[in-house]
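Engineer: Below, each chain spelled out in residue letters.
Number of protein chains: 2
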Amino acid sequence: MDAAHEGGTLAEHGEFAVIEAITAAMGEVRRPGADVLVGPGDDAAVLRVRTGHVVVSSDLLVEDRHFRKAWTTAYDLGRRAAAQNLADIAAMGGTATWLTVGLAAPADTPLAWVRDLARGLAEEAALVGADVVGGDLTESGEIVIAVTVLGSCAQSPVLRDGARPGDVVALAGRQGWAAAGLAVLSRGFRSPRTVVEAHRRPAPPYDQGPVAAQAGATAMIDVSDGLLADLGHLARDSGVAIDVDPGVFEVPEPLHAVGAALGVDPLGFVLTGGEDHGLVACFESAADVPQGWLRIGTVGEGEGVTVAGETRSEPGGWTHFSS
Amino acid sequence: MDAAHEGGTLAEHGEFAVIEAITAAMGEVRRPGADVLVGPGDDAAVLRVRTGHVVVSSDLLVEDRHFRKAWTTAYDLGRRAAAQNLADIAAMGGTATWLTVGLAAPADTPLAWVRDLARGLAEEAALVGADVVGGDLTESGEIVIAVTVLGSCAQSPVLRDGARPGDVVALAGRQGWAAAGLAVLSRGFRSPRTVVEAHRRPAPPYDQGPVAAQAGATAMIDVSDGLLADLGHLARDSGVAIDVDPGVFEVPEPLHAVGAALGVDPLGFVLTGGEDHGLVACFESAADVPQGWLRIGTVGEGEGVTVAGETRSEPGGWTHFSS
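Order-wise, the sequence lines are chains A and B. Per the numbering used here, the first sequence starts with residue 1, numbered consecutively. Per the numbering used here, the second sequence starts with residue 1, numbered consecutively.
Note that these hints are calculated values from the structure, not bench results. Errors might be hidden in some of the hints.
With a cut-off of at most 20 Å between alpha-carbon atoms, the simulated SDA-like pairs for lysine to any residue come out as follows [to be verified]:
| hint | chain 1 | residue 1 | chain 2 | residue 2 |
| --- | --- | --- | --- | --- |
| 1 | B | 69 | A | 141 |
| 2 | B | 69 | A | 139 |
| 3 | B | 69 | B | 188 |
| 4 | A | 69 | A | 197 |
| 5 | A | 69 | B | 142 |
| 6 | A | 69 | B | 141 |
| 7 | B | 69 | A | 197 |
| 8 | A | 69 | A | 187 |
| 9 | B | 69 | B | 115 |
| 10 | A | 69 | B | 138 |
| 11 | A | 69 | B | 139 |
| 12 | A | 69 | A | 110 |
| 13 | B | 69 | A | 142 |
Covered stretches of chain A (chain B as the covering partner; in silico rule of three or more C-beta atoms under 8 Å from a C-beta of chain B) [what the hints assert, rightly or not]:
| hint | stretch |
| --- | --- |
| 14 | 29-41 |
| 15 | 88-101 |
| 16 | 126-138 |
| 17 | 141-153 |
Restraint ranges, calculated between C-beta atoms of paired labels, are given here [to be verified]:
| hint | chain 1 | residue 1 | chain 2 | residue 2 | range |
| --- | --- | --- | --- | --- | --- |
| 18 | A | 250 | B | 161 | 55 to 65 Å |
| 19 | B | 303 | A | 14 | 18 to 28 Å |
| 20 | B | 247 | A | 127 | 50 to 60 Å |
| 21 | B | 51 | A | 294 | 56 to 66 Å |
On a predicted model such as this, the values are computed, not experimentally measured, just so you know. Beta carbons: idealized from backbone N, C-alpha and C, even for Gly.
Take these sequences, add in the hints, and give me the full structure.
Structural biologist: Dropping the structure here:
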């Protein structure tokens with residue numbers, strides 16, 4: 001790094017200087033844990049596994065599909081890219097320990113943008129004590145961020161297929177905020193600030209994943225596509241029906257404000273909004289539901305997801321390649 | 001999958017049908033090993049680790065940077081995407097066990113293309129007994145393939161920083177073939193077939209990674225950027241100089257043919273070509289060099305890489321964001 005340290009594009013700095021800057025930015029956030037036997041810089045990272053297993057998940061974020069540079073900062077995007085992956089581990093009842101990050105970006109991307117992204121990734125990972133242990137950097141036409149996260153479970157992982165009729169369904173974390181934020185941004189507004197921030201930087205209830213597993217959760221998933229859509233995945237995999245009681249949701253004030261401004265029912269954000277990465281889990285009885293979780297429905301015989309016994313007709317969430 | 005099974009685009013089939021087709025294609029290649037406790041389809045995969053550690057590496061392949069659809073089949077691209085990642089584990093002295101694959105692709109990509117890619121990935125992984133245990137699928141403007149590979153080492157991993165003056169340098173696997181193939185394709189030719197095939201589908205000497213580790217290799221790297229370039233990485237990390245003896249290489253006939261046709265010295269393909277994903281390793285003595293490895297040079301005091309004592313002036317290999 002020379003005098004151009006703070007400025008310049010990836011092309012101007014070149015691959016190795018960029019990687020050095022990324023590694024330095026991440027190193028300022030957190031010193032690698034003792035189980036990182038070999039960190040970034042070799043052909044692969046080497047990680048000590050004390051639990052006898054690893055839990056692994058991978059996700060991609062694509063520019064103008066999952067994010068718009070005009071709507072977020074690189075730092076917040078890094079937070080979000082990490083969060084959506086860390087939430088997948090929480091949804092197994094586990095805790096994330098390591099991440100690898102692949103970044104494809106145009107040559108004219110500012111180095112500062114990439115360094116902020118790296119800092120956001122490292123800071124979100126640090127929330128759960130996880131290290132970024134490797135990655136890849138390459139040129140592309142549009143920005144693609146590929147995150148793989150590794151973790152472990154203190155007890156048996158909680159899958160999507162264990163819900164049984166009679167179970168209660170409960171939710172941890174915010175729900176509908178990110179969707180309300182996206183609705184606001186899509187129409188060219190920047191407020192209410194709280195929902196815009198929620199879209200830019202989800203705050204998954206990471207610690208509630210292991211808490212739910214400890215409490216005997218029979219099935220769990222994180223809400224990425226939408227509450228009803230993700231409950232649909234869980235119901236399908238478990239071979240059950242789920243009914244959601246819409247009366248339990250206290251729709252928060254900012255969502256009311258967005259609903260009023262846009263002329264839509266704010267409950268829609270709660271029921272169909274994704275990307276808050278809250279957790280929904282099923283428990284055998286109401287007594288098992290941990291503190292801080294909201295009971296939102298029940299599991300029954302059959303299939304599909306209903307709201308107060310009715311099938312909703314509006315789109316149930318995000319899918320790729322849908323017209 | 002309906003009557004459109006064999007045809008149609010990702011958009012026409014939709015996300016879930018595409019994932020089903022990918023999973024089915026991979027399932028035909030290999031039944032998951034017993035250590036895959038939870039495979040694709042949940043929030044994360046769960047993998048039994050018997051060795052107390054995992055070795056992890058991630059790579060991206062970007063359309064029109066790392067591959068051109070016109071120059072390869074989806075099947076071969078899958079083979080190559082897996083191979084370059086599996087080679088990273090071999091270069092640690094390890095064996096790959098699991099992969100996750102993220103695919104970003106335009107909505108008009110044919111389903112058959114994606115299924116062939118998945119089959120190629122799974123078949124290359126099966127060569128070393130590795131399973132594809134998860135991934136992600138999303139829409140993008142250009143194709144990006146993000147592979148993360150996990151593995152383990154039967155003994156201490158072989159890093160890049162252990163070479164010492166007096167060591168001998170040895171090579172396993174083909175070298176220069178992929179570069180010759182790329183040179184041919186870049187000029188609009190399709191032959192010699194052997195080098196074009198070598199570019200499309202590298203054949204890393206996976207089993208020689210653990211063999212070298214067992215034989216006491218002091219440092220190792222796979223040749224992805226170019227022989228001299230990757231030896232440069234190894235020399236820098238080890239704090240040593242490396243001299244390559246160009247006289248040891250028997251330049252194979254197809255490389256001679258390409259050199260003659262293009263008016264270049266075919267030894268250039270051997271010395272600076274990348275992407276064959278052979279392995280170069282250092283050993284304390286010639287007696288340690290395993291059978292099948294070619295002694296190509298020596299480690300000395302100092303820094304940098306020379307060929308017969310001379311610094312070469314031509315570009316030393318592939319870097320991203322270079323002008």
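Engineer: Next, verify each hint and record whether it holds.
Structural biologist: Now for the hints, and whether the structure bears them out:
1. 69/B with 141/A: 16 Å, holds
2. 69/B with 139/A: Satisfied, since the Cα-Cα distance of roughly 17 Å is no more than 20 Å.
3. 69/B with 188/B: With a Cα-Cα distance of about 14 Å, the restraint between residue 69/B and residue 188/B holds, given a limit of 20 Å.
4. 69/A with 197/A: The given pair, whose Cα atoms are some 14 Å apart, holds under the 20 Å limit.
5. 69/A with 142/B: 18 Å, holds
6. 69/A with 141/B: Roughly 16 Å between the alpha carbons, so the hint for residue 69/A and residue 141/B holds.
7. 69/B with 197/A: Roughly 40 Å between the alpha carbons, so the hint for residue 69/B and residue 197/A is violated.
8. 69/A with 187/A: Distance of about 16 Å is within 20 Å: holds.
9. 69/B with 115/B: The given pair, whose Cα atoms are some 15 Å apart, holds under the 20 Å limit.
10. 69/A with 138/B: 18 Å, holds
11. 69/A with 139/B: 17 Å, holds
12. 69/A with 110/A: Cα-Cα ~12 Å, so holds.
13. 69/B with 142/A: 18 Å, holds
14. 29-41: holds (count 3)
15. 88-101: Holds: 8 residues of the stretch 88-101 of chain A have a Cβ under 8 Å from chain B.
16. 126-138: holds (count 6)
17. 141-153: It holds, with 9 qualifying residues against the three required.
18. 250/A with 161/B: 55 to 65 Å: Holds: the Cβ-Cβ distance is about 57 Å, inside 55 to 65 Å.
19. 303/B with 14/A: 18 to 28 Å: 19 Å, holds
20. 247/B with 127/A: 50 to 60 Å: 57 Å, holds
21. 51/B with 294/A: 56 to 66 Å: 42 Å, violated
When held up to the earlier numbered hints, the structure conflicts with 7 and 21 and fits the remainder.
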